[in-house]
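Peer 1: Spelled out, the chains give:
There are 4 protein chains.
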Amino acid sequence: MQIGIIGLGRMGGNISRRLMKAGHQCVVFDVNARARDSLAKEGATAVESLREIVRTLEEKHRVIWLMLPSGQITEQTVDSLGALVGPDDIIIDGGNSFYKDDIRRAKILGEKRIRYLDCGTSGGVWGIERGYCMMIGGPKEAVDYLDPIFSALAPGLGDITRTPGRDQGETRAERGYLHAGPSGAGHFVKMVHNGIEYGLMQAYAEGFDILYGKNSKDLPEGERFALDMADIAEVWRRGSVISSWLLDLSAAALATDPRLDGFSGFVQDSGEGRWTVEAAIEEAVPADVLSTALYARFRSRKNHTFGERMLSAMRFGFGGHVEGGESIDPEPKQPAS
Amino acid sequence: MQIGIIGLGRMGGNISRRLMKAGHQCVVFDVNARARDSLAKEGATAVESLREIVRTLEEKHRVIWLMLPSGQITEQTVDSLGALVGPDDIIIDGGNSFYKDDIRRAKILGEKRIRYLDCGTSGGVWGIERGYCMMIGGPKEAVDYLDPIFSALAPGLGDITRTPGRDQGETRAERGYLHAGPSGAGHFVKMVHNGIEYGLMQAYAEGFDILYGKNSKDLPEGERFALDMADIAEVWRRGSVISSWLLDLSAAALATDPRLDGFSGFVQDSGEGRWTVEAAIEEAVPADVLSTALYARFRSRKNHTFGERMLSAMRFGFGGHVEGGESIDPEPKQPAS
Amino acid sequence: MQIGIIGLGRMGGNISRRLMKAGHQCVVFDVNARARDSLAKEGATAVESLREIVRTLEEKHRVIWLMLPSGQITEQTVDSLGALVGPDDIIIDGGNSFYKDDIRRAKILGEKRIRYLDCGTSGGVWGIERGYCMMIGGPKEAVDYLDPIFSALAPGLGDITRTPGRDQGETRAERGYLHAGPSGAGHFVKMVHNGIEYGLMQAYAEGFDILYGKNSKDLPEGERFALDMADIAEVWRRGSVISSWLLDLSAAALATDPRLDGFSGFVQDSGEGRWTVEAAIEEAVPADVLSTALYARFRSRKNHTFGERMLSAMRFGFGGHVEGGESIDPEPKQPAS
Amino acid sequence: MQIGIIGLGRMGGNISRRLMKAGHQCVVFDVNARARDSLAKEGATAVESLREIVRTLEEKHRVIWLMLPSGQITEQTVDSLGALVGPDDIIIDGGNSFYKDDIRRAKILGEKRIRYLDCGTSGGVWGIERGYCMMIGGPKEAVDYLDPIFSALAPGLGDITRTPGRDQGETRAERGYLHAGPSGAGHFVKMVHNGIEYGLMQAYAEGFDILYGKNSKDLPEGERFALDMADIAEVWRRGSVISSWLLDLSAAALATDPRLDGFSGFVQDSGEGRWTVEAAIEEAVPADVLSTALYARFRSRKNHTFGERMLSAMRFGFGGHVEGGESIDPEPKQPAS
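Residue numbers (our numbering), protein chains in the order written: chain A, 15 to 351; chain B, 15 to 351; chain C, 15 to 351; chain D, 15 to 351.
It is worth saying that the hints were derived from the structure and are not from the lab.
Given that identical chains are not distinguished, each listed pair holds provided it fits within a single copy or across any two copies.
Below are the DSSO-like pairs computed for lysine-lysine, each with C-alpha atoms no more than 30 Å apart in a straight line:
| id | residue 1 | residue 2 |
| --- | --- | --- |
| 1 | Lys-114 | Lys-231 |
| 2 | Lys-35 | Lys-154 |
| 3 | Lys-154 | Lys-231 |
| 4 | Lys-121 | Lys-231 |
| 5 | Lys-126 | Lys-74 |
| 6 | Lys-231 | Lys-316 |
| 7 | Lys-74 | Lys-154 |
Please work from the sequences and hints to get the whole structure.
Peer 2: So this is what it looks like as structure tokens:
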């Protein structure tokens with residue numbers, strides 16, 4: 015198939031490459047000329063504007079995949095494209111948009127019979143090799159029409175053991191993509207996916223923190239171990255209940271930098287973790303772990319909070335405690351005599 | 015009554031003063047000579063050793079109150095006193111011992127018919143004026159015997175509105191002290207008291223953090239307020255559901271230092287918060303708020319955790335994200351065109 | 015002053031009574047005729063429609079206080095009033111609206127020069143006696159104009175000890191009301207107030223849960239106490255760090271129903287707790303305690319969650335564990351021999 | 015090698031089988047005669063007492079593996095064995111003992127030159143096929159001596175991609191077992207492993223709860239999806255960041271029981287999750303996710319907590335709210351008119 019790709023960053027560029035490798039034709043655009051040129055050398059048709067991308071696509075139903083930062087840039091580009099394409103053309107937002115924005119966009123574009131798909135795309139820098147896991151929302155016939163595209167991007171069955179009870183006839187889910195439901199459903203599932211990701215990451219982080227703390231010079235000598243973080247991550251990859259791809263990545267990081275000195279621990283979050291908590295609240299679902307994983311990232315980006323100063327101030331107020339654990343007028347250290 | 019007081023820090027010194035004011039005689043000891051001298055000038059009999067305190071007490075049942083840092087110092091002093099006093103004498107641990115230590119000590123001392131009381135004592139630097147709230151564990155007849163002491167230290171009915179349903183005959187609880195049960199029960203109740211204290215403090219801290227954050231220059235101008243922390247704390251003291259003594263203290267701190275610049279936010283914890291969580295775990299009681307309040311203090315004392323570096327390492331591993339929110343090879347910022 | 019009051023439920027009715035007692039004239043309306051009649055007998059002018067309330071108010075600047083459930087009813091009533099009143103008239107939303115709704119309403123009404131105040135009102139069923147704590151947002155001159163109203167509703171200085179550093183000249187905050195800032199600021203502060211309230215309540219709840227659990231027959235006999243919940247709540251009211259109005263209420267409940275058999279523990283939440291968490295997320299402020307307190311309420315209203323069934327399913331999947339702690343094929347209980 | 019195995023439950027039985035398959039000789043014992051007989055038929059030498067197991071082992075250094083429920087049974091069996099075996103014999107506790115118990119036992123047995131290893135063993139019912147992941151504490155020479163045993167039980171390199179930076183010479187960790195350090199280190203690492211397991215499971219559980227809630231009839235029709243839990247779990251197994259073995263198990267459970275009607279959601283916990291939290295507290299490491307995952311299990315086993323009744327009681331106290339969201343005297347539902 016012929017497909018337009020807008021946004022040639024790490025994700026969009028690699029998606030183009032994986033599609034071309036599978037025999038699809040890519041008409042690509044990015045404001046960054048270098049990114050365009052690079053793809054052009056690899057066989058893509060590079061164009062210089064949204065208008066040109068639309069003009070260049072020749073198939074009956076134009077198909078344009080957006081791989082842009084969520085928020086304003088995606089919003090504006092969808093708007094602009096909406097004015098350029100026509101009935102039955104398909105716009106796919108492969109980024110991380112908020113699912114309620116998808117619902118709104120699909121409705122507006124639908125009034126012009128433009129078809130809009132929201133496609134949550136997981137895989138990161140590894141997707142070009144491993145394939146992308148895709149969660150898609152929007153009209154079924156558009157998803158079906160694009161099956162060759164999704165199928166090329168997805169990992170496929172690969173050598174992953176099939177799930178018992180799934181052994182008759184492959185499903186799309188088994189090949190790594192899913193039509194999750196109507197507009198918004200794709201990004202909703204991707205949003206929760208990322209919310210879970212935060213929780214999983216924080217669980218490993220806390221566990222390794224406890225292991226690491228057990229080596230601490232702060233502990234009395236007899237209570238201290240000299241645990242090897244890299245070996246522990248490695249051994250858990252084999253036959254343990256907590257093996258996972260995130261653990262594989264942790265093991266790789268620890269193998270070359272066992273104290274992780276290359277990282278300071280200032281951790282960003284993106285919208286999905288926040289939206290997941292908000293969705294939980296809307297549904298009145300308790301989501302303690304996912305929330306606390308989000309807050310750990312907030313806290314990681316602060317030196318001290320005003321709240322912590324409040325705690326200090328209250329402690330000073332009722333007990334005369336000054337910070338650093340020293341009392342102004344400490345209880346005398348009283349030996350028995 | 016005549017009573018020995020060991021440990022003349024802020025708590026022990028003021029307890030002696032409050033008892034003397036009520037007409038009791040205090041025989042006091044502290045390793046710090048200045049603390050002893052100061053109390054002697056105020057009317058106490060100051061002595062120079064545990065042995066001497068025991069020798070000086072003249073009543074039929076010697077009564078000795080320990081107000082020492084919990085842990086080894088208290089343990090050693092109880093041990094030493096155990097060898098010096100005799101049957102029916104009473105040792106009161108007024109500090110913050112772990113309640114299981116009380117149970118053990120009471121058993122050992124009980125073999126010599128020495129009576130041991132564990133008395134959780136709340137009130138901080140304000141106790142000398144407001145009186146001390148006391149939660150007592152140990153044999154009933156010893157608690158009854160010491161009623162004049164507890165009664166003098168407690169706040170009494172004061173002008174606090176009586177609890178509906180409590181209007182016939184004052185109870186000890188209404189006067190601010192309680193025989194909570196057998197050995198250990200006093201410090202158990204005090205432990206949970208402090209656990210709750212952590213939770214309450216953290217609730218205020220988070221709330222004020224959200225208020226404070228609403229003034230932040232990081233927010234777009236239209237979404238920002240200029241809330242006055244001191245006035246907010248003050249107004250909540252009057253007629254609101256969340257009025258409390260901790261709020262009074264917060265209001266006082268904010269009245270003179272509205273940004274709390276005098277505090278860094280490095281927050282200590284003492285054993286009780288930790289033991290409360292452990293007690294919850296022993297009983298299989300979910301204690302999310304009390305635990306998270308404890309952890310907020312742990313976190314306040316760290317720059318970054320190893321766990322946070324793990325998060326950064328994983329994020330780098332799957333998405334090429336580098337810290338500070340910058341990607342190595344960021345998605346191009348794509349304007350619509 | 016003359017003031018219109020719309021909504022004569024527990025809050026609105028008592029507010030009218032407190033205002034009349036202070037000499038103000040109330041023109042009241044409620045869809046419930048009985049509520050209107052009741053207030054009429056107590057001296058209010060009862061009317062039968064919004065239109066009539068507007069017509070009846072005679073002062074130069076009409077003042078109308080809404081005390082309605084937040085959400086659609088308040089929204090519709092503000093809309094309707096907006097069409098009935100004129101320039102310089104003042105509408106006060108005394109309920110629990112979302113602060114962003116206030117900002118929007120104030121803007122729309124402002125275009126017609128109608129003045130809109132958002133007034134968070136705390137005090138519950140006790141406000142009629144204790145006075146109401148009020149957090150007000152909106153134009154300063156409207157707040158000043160209404161000072162006689164706010165002043166009458168507020169608790170005043172009362173016999174609450176003044177905050178050190180606040181001893182020169184009474185402030186409004188000290189009398190229990192506060193102009194927090196422009197439109198929305200009042201309900202924002204009230205929202206955080208309620209968020210804190212959830213956290214405080216949960217801290218007490220968990221603490222008492224741990225106390226209660228220590229009496230449990232599930233514990234071995236030697237490790238069990240027979241703690242008296244009512245006495246413990248009572249004693250903490252006197253001189254302890256955790257004394258508060260919420261504790262006063264807890265003590266009152268426990269005094270007459272020590273096992274709280276009259277309550278099932280199905281706990282509602284209102285919008286403020288949720289909005290507080292969302293505000294924290296918007297500001298990237300970690301709010302673990304406030305969130306977890308909210309989630310505890312969500313969980314209290316469920317039998318089991320789907321998530322818990324997932325946990326059971328996973329446990330069964332990796333370990334063959336069946337629920338209830340029984341294994342299908344349990345490890346043999348192996349005595350040493 | 016010849017090895018004694020005590021405890022022939024699911025874990026111990028399968029461990030014997032895997033060892034025999036690798037050519038080792040197993041002398042097995044269990045109080046359950048049926049379990050013994052079953053293993054005897056498969057080639058093991060079944061004996062009828064601890065004494066007999068010791069007598070039957072013929073190698074220079076007797077090696078005995080305990081696979082018993084942690085706690086008293088393991089403790090007693092170690093004690094009894096300690097009296098039966100001699101210098102240089104090796105006892106391995108392959109169960110889930112508390113690591114401080116290991117340290118104590120190793121010390122006591124070490125006085126008789128008996129060597130004690132603590133071996134955390136992960137793998138559950140799948141270990142017989144996949145191999146067991148083992149984390150071992152104790153003297154190095156004993157671990158080295160037993161290398162053939164550990165090597166046979168471990169998964170080996172298998173077809174798991176090797177960790178980048180680990181490509182020269184296989185390490186034990188890569189084959190699935192690890193000498194973590196001195197006595198206690200094995201079970202310490204296993205303990206944290208299980209703590210992480212709780213956190214991971216809870217993250218998935220909450221995520222699926224949010225997905226499931228999005229299908230709820232409680233939501234307005236336009237906001238509801240009809241997400242397929244089984245397909246979502248399946249698609250995430252392919253190329254997504256959150257793929258893991260726990261997800262594989264979830265997918266398998268959902269494939270055959272998409273609403274998990276076969277499970278009630280009453281979730282047990284074992285000691286390791288609790289000890290992990292206690293270790294975090296000892297080290298002052300914030301472990302919010304691991305704690306909250308534990309508490310979610312506690313809560314799953316209760317109907318309502320006393321704490322929840324406290325919340326209801328307080329709400330009733332300040333606002334007259336009665337449970338179930340109904341107010342005694344609700345605010346009138348006020349239509350605009």
